[in-house]
Amino acid sequence: MRLLNGAIVLLALLATLAGYWQEKKRLATIQALAPSAARDLYEKAQLRRERVLIAVTAVLVAGAIAALVLFKVQR
Numbered sequence: 000m001r002l003l004n005g006a007i008v009l010l011a012l013l014a015t016l017a018g019y020w021q022e023k024k025r026l027a028t029i030q031a032l033a034p035s036a037a038r039d040l041y042e043k044a045q046l047r048r049e050r051v052l053i054a055v056t057a058v059l060v061a062g063a064i065a066a067l068v069l070f071k072v073q074r
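Taking our numbering, the leading residue of the sequence shown gets 0, the next gets one more, and so forth.
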């Protein structure tokens with residue numbers, strides 16, 4: 000059990016570090032660009048994030064509906 004807990008903590012640490020490095024690289028890229036190009040890059044990334052959130056929300060809604068249907072069918 001301690002090994003499993005250690006592995007979970009290690010994975011969380013690695014995920015945090017990867018996110019930090021990715022953000023650091025993104026900020027360096029934005030600072031190297033001209034203001035108009037940086038704004039375009041930001042807007043494109045924002046649109047991509049919104050699409051991902053819409054997709055995640057759709058999957059969660061579909062899962063909730065499936066759970067409700069299965070709950071009602073098994074009664």
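Any given hint could be a false lead.
Between beta-carbon pairs, the in silico distance windows are [claimed, not checked]:
id, residue 1, residue 2, range
1, Q73, L12, 21 to 31 Å
2, E49, L16, 35 to 45 Å
3, A6, P34, 19 to 29 Å
Here are the simulated SDA-like pairs of lysine to any residue, each with C-alpha atoms no more than 25 Å apart in a straight line [what the hints assert, rightly or not]:
id, residue 1, residue 2
4, K23, L3
5, K23, V58
6, K23, P34
7, K43, R25
8, K23, N4
9, K24, L67
10, K24, K43
11, K23, L10
12, K23, V60
13, K43, E22
14, K24, E49
15, K43, L9
16, K24, V60
17, K23, R1
18, K23, M0
19, K23, R47
20, K43, T56
21, K24, L3
22, K43, K71
23, K24, E42
24, K43, A65
25, K23, L12
26, K43, G62
27, K24, L13
28, K24, A14
29, K71, V60
Hints in this document: simulated from the structure, not taken from any laboratory.
In this text, a Cβ means the ideal position worked out from N, Cα and C, and glycines have one as well.
_Satisfaction of hint between R1 and K23, Cα-Cα up to 25 Å_ = 33 Å, violated
**Prompt:** Would the pair K43 and A65 pass a check requiring their Cα atoms to be no farther apart than 25 Å?
**Reply:** The given pair, whose Cα atoms are some 33 Å apart, is violated under the 25 Å limit.
Between K24 and L13, is the straight-line Cα distance small enough, at 25 Å or below? Roughly 16 Å between the alpha carbons, so the hint for K24 and L13 holds.
Distance restraint between K24 and E49, which requires alpha-carbon spacing of 25 Å or less = Holds, because 21 Å separates the two Cα atoms, which is no more than 25 Å.
message: A range of 21 to 31 Å was offered for this pair. Does it hold for the Cβ distance of Q73 and L12?
response: The hinted range 21 to 31 Å is violated for Q73 and L12, with Cβ atoms some 40 Å apart.
- Given the hint that K24 pairs with L3, test it: the Cα-Cα distance must not exceed 25 Å. 32 Å, violated
| message | Just to be sure I understand the hint, the distance between the Cβ atoms of A6 and P34 should be within 19 to 29 Å; is that true here? | response | 44 Å, violated
Q | K24 paired with A14 [C-alpha distance capped at 25 Å] | A | Measuring from Cα to Cα gives roughly 15 Å; hence the hint holds.
Next item on the list: Given the hint that K23 pairs with L3, test it: the Cα-Cα distance must not exceed 25 Å.
Entry: 30 Å, violated
For the pair supplied as a hint, K43 and T56, is the alpha-carbon distance within the 25 Å limit? 20 Å, holds
K23 paired with M0 [C-alpha distance capped at 25 Å]:
35 Å, violated
Is the hinted pair K23 and L12 satisfied, with a Cα-Cα distance of at most 25 Å? With Cα atoms ~16 Å apart, K23 and L12 stay inside 25 Å; holds.
Violated hints for the displayed structure, listed by number in ascending order: 1, 2, 3, 4, 5, 8, 9, 12, 15, 16, 17, 18, 21, 22, 24 and 26.
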